[in-house]
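S.K.: Sequence:
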Amino acid sequence: MKKFTTLLGILTITTLTFAQTPHSLPHILIEGNPGDEYTKCKYYFVENQDKDTIKLQAKIRWRGNTAKAFNKKSYAIKIIDDKGKGKDVSFLGMRKDNNWILDAMAIDKARMRNRVSFDLWNDFSNKSYIFNYDKKAINGTRGNFVEVYLNGEYNGIYCLTEKIDRKQLRLNKYNKDGVHGILYKADGFLYTGFWEVDQYDNSKMTWGGWEMKYPELDKGESIDWKPLYDATSFILNSTDKEFDEKVSNVFDLPVWADYYLFANVIMAFDNSAKNVFTYIYDNKTSQKLGFAPWDLDATWGRNHIGKLLSAQKKVPFHKLYSRLLKSEKINFMENIAHRYLELRKTILSEKALKERFHNYFQLFKETGAAQRETEKWNGVNGIEIDFDKEESYINKWIEERLTYLDEKVKVFSTKINTFEEEKDISNHSNIYTLEGIKVNEKDLKPGIYIKNKKKSIIK
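For the sequence shown, the UniProt record's numbering puts the final residue at 459, and the numbers step up evenly by one.
If you are wondering where the hints come from, they were derived from the structure by calculation, not from laboratory data.
Incorrect hints may appear among the rest.
Label pairs and their calculated CB-CB ranges [as the list claims (entries may be wrong)]:
no., residue 1, residue 2, range
1, Phe131, Asp230, 41 to 51 Å
2, Trp62, Gly368, 20 to 30 Å
3, Asp198, Glu355, 41 to 51 Å
4, Lys176, Ala69, 35 to 45 Å
5, Lys173, Asp81, 20 to 30 Å
Restricting the straight-line Cα-Cα distance to at most 20 Å, the calculated cross-link-like pairs of lysine-lysine (PhoX-like) are [what the hints assert, rightly or not]:
no., residue 1, residue 2
6, Lys59, Lys42
7, Lys163, Lys96
8, Lys329, Lys241
9, Lys68, Lys376
10, Lys365, Lys376
11, Lys135, Lys163
12, Lys59, Lys40
13, Lys42, Lys96
14, Lys135, Lys173
15, Lys85, Lys42
16, Lys135, Lys288
17, Lys163, Lys87
18, Lys351, Lys376
19, Lys167, Lys241
20, Lys319, Lys274
21, Lys307, Lys68
22, Lys87, Lys167
Don't be surprised by glycine CBs; every beta carbon is placed ideally from N, CA and C.
Model the full assembly from the supplied sequences, consistent with the hints where possible.
M.R.: Here it is, written out as structure tokens:
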């Protein structure tokens, strides 16, 4: 047992006692009153019983529009020095920085979907094109599970997580020459999704449902919407020939393709029209748009409010993917299918995916965190916490999802021949859309289909 004495306010002293063993999760102890705006707090980090407590000053606020509705809040943390300026600190081998996220995962009955998803993304996605310029670039986040105490009371399991920002992606900094690196974030379901293009205004931080995350206009830095505007216009207005020839110069296609596969595997319904980043390493040398996902908690069989989702659902995507799928030259879906089948032997095998969840479930149990989390939060906001039950559900869902995807990619598992034009492709028993969905003859509409491993146009 370990005692921790803290000074609350001016006169009130509270003694917090908690059990920690060599196998415990790290502990974070916070003294403060978080709300919508940043306020100062005391922040103590205890990695394990053999290491000294790290005592820090910080600022804290609630984070996440949806998450604020839950009793178990997520927090944004800014570590500061005695003068109130940002102080970079590294925790648990992650990057050295002053900005951190304490993700409560309140809607997630497993308390790990976001972390497992990013672990998977980090392991299998192609390196961002920025890696050619800077080997320290990370096209995702790293995180570690901790237990949090707020003002002497246990507050549950959290994931201490890095942010996706200029520093994480290693974008070139803004300087006297103007805009170099650029980071855009889709901030809501109403974003353009590359379906329409409106005129932009470089005096505003938002455009078409996107938010400018870097550079920072409120710090007097110039911003530039033109690269994103041009990319959207390219998707909408380029001819098929222009699209085929130039799309790999406009978009970091290996990473965008990986996300199409990734989102289908984890069934990321909440990430087709928001919760995504696109970025440019240096606007002065190339306007190629990279890609990074965000907020992956509405995955693996549950939606953004925690409701169950069938494993046999199609994930919606935007116009860029629509054009890639329809391209005669790019063979986008065929390449996705071959990559999927290769990865099914390794990190996308049923065993490998289940193990990712099982290892974290075991960590929660062995450290006692599962029991403490359940005692604290079970039933709050109508959310049942039963880790054994949720692991069983996830395992069954993984089995069903992989079976569903295996069937969808069968039609693309061998090389597909070139187009032929037909006015009628009925009287064929196996007709598929470009997404691999089998269709009934009576439901055929004008478009491109796959029959007998050949792309065909019906007019």
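S.K.: Could you run down the list of hints and mark each one as holding or not?
M.R.: Evaluation of the provided hints:
no. : hint                        : verdict
1   : Phe131 - Asp230: 41 to 51 Å : violated, 24 Å
2   : Trp62 - Gly368: 20 to 30 Å  : holds, 27 Å
3   : Asp198 - Glu355: 41 to 51 Å : holds, 46 Å
4   : Lys176 - Ala69: 35 to 45 Å  : holds, 44 Å
5   : Lys173 - Asp81: 20 to 30 Å  : holds, 22 Å
6   : Lys59 - Lys42               : holds, 8 Å
7   : Lys163 - Lys96              : holds, 11 Å
8   : Lys329 - Lys241             : holds, 9 Å
9   : Lys68 - Lys376              : holds, 18 Å
10  : Lys365 - Lys376             : holds, 15 Å
11  : Lys135 - Lys163             : holds, 18 Å
12  : Lys59 - Lys40               : holds, 4 Å
13  : Lys42 - Lys96               : holds, 19 Å
14  : Lys135 - Lys173             : holds, 16 Å
15  : Lys85 - Lys42               : holds, 15 Å
16  : Lys135 - Lys288             : holds, 18 Å
17  : Lys163 - Lys87              : holds, 16 Å
18  : Lys351 - Lys376             : violated, 32 Å
19  : Lys167 - Lys241             : violated, 37 Å
20  : Lys319 - Lys274             : holds, 14 Å
21  : Lys307 - Lys68              : holds, 18 Å
22  : Lys87 - Lys167              : holds, 15 Å
Hint compliance for this structure: hints 1, 18 and 19 are broken, all remaining hints hold.
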